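K.L.:
Chains as they are written, first to last, in this note's numbering: chain A, 1 to 387; chain B, 1 to 298.
Rather than coming from a laboratory, the hints here were simulated on the basis of the structure.
Since the model is a prediction, treat every value here as computed from it, not as a measurement.
In this text, a Cβ means the ideal position worked out from N, Cα and C, and glycines have one as well.
Honestly, I wouldn't trust all of these hints.
[Stated by the list, open to error] Computed footprint of chain B on chain A, listed as stretches where at least three residues anywhere in the stretch have a Cβ under 8 Å from a Cβ of chain B:
{"hint": "1", "region": "82 to 94"}
{"hint": "2", "region": "250 to 260"}
[Claimed, not checked] Restricting the straight-line Cα-Cα distance to at most 27 Å, the calculated cross-link-like pairs of lysine-lysine (DSS-like) are:
{"hint": "3", "chain 1": "A", "residue 1": "239", "chain 2": "A", "residue 2": "195"}
{"hint": "4", "chain 1": "A", "residue 1": "53", "chain 2": "B", "residue 2": "198"}
{"hint": "5", "chain 1": "A", "residue 1": "53", "chain 2": "A", "residue 2": "2"}
{"hint": "6", "chain 1": "A", "residue 1": "258", "chain 2": "A", "residue 2": "239"}
{"hint": "7", "chain 1": "B", "residue 1": "264", "chain 2": "B", "residue 2": "37"}
{"hint": "8", "chain 1": "A", "residue 1": "195", "chain 2": "B", "residue 2": "264"}
{"hint": "9", "chain 1": "A", "residue 1": "239", "chain 2": "A", "residue 2": "3"}
{"hint": "10", "chain 1": "B", "residue 1": "198", "chain 2": "A", "residue 2": "195"}
{"hint": "11", "chain 1": "B", "residue 1": "65", "chain 2": "A", "residue 2": "195"}
{"hint": "12", "chain 1": "B", "residue 1": "164", "chain 2": "B", "residue 2": "264"}
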Amino acid sequence: MKKVIVGNHAVAKGAQLARVEVISAYPITPQTQIVEELSELCADGKLAAKFIKVESEHSAMAACIGASAVGARAFTATSAQGLALMHELLHWAAGGRHPVVMADVNRAMAPGWSIWTDQNDSLSQRDTGWIQLYCETNQEVLDTTIQAFKLAETVDLPVMVILDAFFLSHTSEPVDIPEQDLVDGFLPRREARLKLDVDDPRAFGALARPDVYMEMRLRQQEAMEEARRVMVEVDAEWKQLTGRGYGPIECYRTEDAKLLLVTSGTMTSTARFVVNELRDRDEKVGLVKVKMFRPFPTDDLRRVLAGVPRVAVLDRNISPGHGGIFAEEIRSALYDLPPAERPPLHGYVLGLGGRDVTPEVIRDVVVRSLESPAASEREDLWVGVNS
Amino acid sequence: MSQVMIKDDVPKTELLTSGHLACPGCGAPLAMRLVLKALGPRTMVALPACCWSIIAGPYPQSSLKVPLYHTAFETGAALASGMKAALDIRGQSDVNVMAWAGDGGTFDIGIQALSGAAERNEDILYVCYDNEAYMNTGIQRSSSTPWGAWTTTTPVRHPENHPKKDMLAILAAHGIPYAATASVAYPTDLLAKVEKAKSIRGTKFLHILSPCPPGWKCADEDAIYLARAAVRTRVFPLMEVENGTRWRFTVEHPGDPVGPYLRKQGRFRHLTDQDVERIQADLDARWAILEQRVAYGT
């Protein structure tokens, strides 16, 4: 059934269809509609879940971990400062191997106060051990939320479903909502491999001395490696059921390209528009969308970008003192390609704090990338900045 | 008001094993042993950072025969809330969920999550075993450290200069169905309180004074004497509060002079006679307030 809904309600609908059992959340703009919707669904009995209205995001994640450790399917949602407050517990969820699913509505970090989108909140959590999936449309948000539980519970790792503030969270789009039966068949009730159980008492998370700690992290890394494969499988299964799949990356009109743009989130849609324009004029420019950031789709990107004359990475984020984070990760992924195949890569920082990434901005990126000297530029360019 | 322990009153169940890693004379394993005897095996424990993170044993060991989750310092009450919600939704509402935290994890870093859980009246038992400082990190003051005490962050030239935070009153002010203090020197009283807590739905708070020989600088064999003296001197009265209003004493508090209690502990060695007199005066004033609470229910 198609409905016109905002991105936040697409998340809530996905969580409802996934039959989450415990929700624990704290309000923060622009995420709040997600938990408002879920609390109403719980209150109306349309969702048989416990909703814990905690006093902070830190406690929201702690409660999700507690619920997940007992074996329930747990969910929360947050943004920016709330995600930063959770930081300690993000490590706990991942290190404890709890398949919690969380929606993060990408919002810029303060100060100055901003409620508008950029990716610095989620990318600051890069090394916490969460799988990160960035979405482009409300349909993708709903589909990814449902897929996230299956992925999380298959590899015992938490998953962050990420959507742009306002451009998705508060923007209405038509979304095909799957039937409950279809989702139930795809995502059965969670059966935890290990859980807190009075009939089989165990201690979780005890002191790990140097002789065992490293192996725990190795198992976690192996699970991340497994997640690369499982993500593709889960996505393929979903595609078989619904006709919709996304992949860790998506290639759009990449054939014979002299320049490939690399994007994530909603600016991908704007870039598609610009690529169509350019292709209409026989300009060979294509697009690669990165959906999965952790685990990083290294091999997929190497395959697509090897030998391309030029690559432009568009970063709605900044690691101060280094550069755009996607650009740096992609440079690293391409480093050991043979020199002849290693493309010159231009990094662009844009759209911070909700600044619009318009077709003009992307056209500017294209012009600069095609005009600049062929040698790879180490310095990322800031685009759309007031002088 | 029985202060005499009758052997038959104590459940035989042992859910704490030998081989735990507590220091000699520590009150914390005794407190856990007694509380679990009353709660029984259908119990799960949320354990934020505290001495018990060590006492429970390193991976892959556990000194408890019930499920145990080691969690972050400030999350005991929040983690327990999530555990209880999951048990409820999975049809295991009979399982007791206990958060077990030290004074640092309760009075200081964990008070926000605890206040949240208490305000929501989560169906959990929150136990604070209180050794009156951050003992696991090497004896730093907490907001539970009593006035005048030495710790490594309140050296003898600048001993603790704030009174101990009144956690029982803070929890009672949340209007939770049951809040109480208890002592490892009064096992019958402690067991009765856990039994009572177990029978009540909603948030139960139990504050247990737990002597720490290395931190209090006392002899191992004096731990129980000191726990008992803390009650007899009214330093740590044994009370319970129902629904935030009905306060009552649960044992006799004869009001022994506080001097000998203090003088047996190296952490108070630097106190002058005037300091001891001040502590006695503060105790007397505080006792008058508690008697009013018991009489008038506020």
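K.L.:
For a quick check of understanding: which of the numbered hints are violated here, in increasing order?
P.N.:
Those not satisfied are hints 2, 3, 5, 6, 7 and 8.
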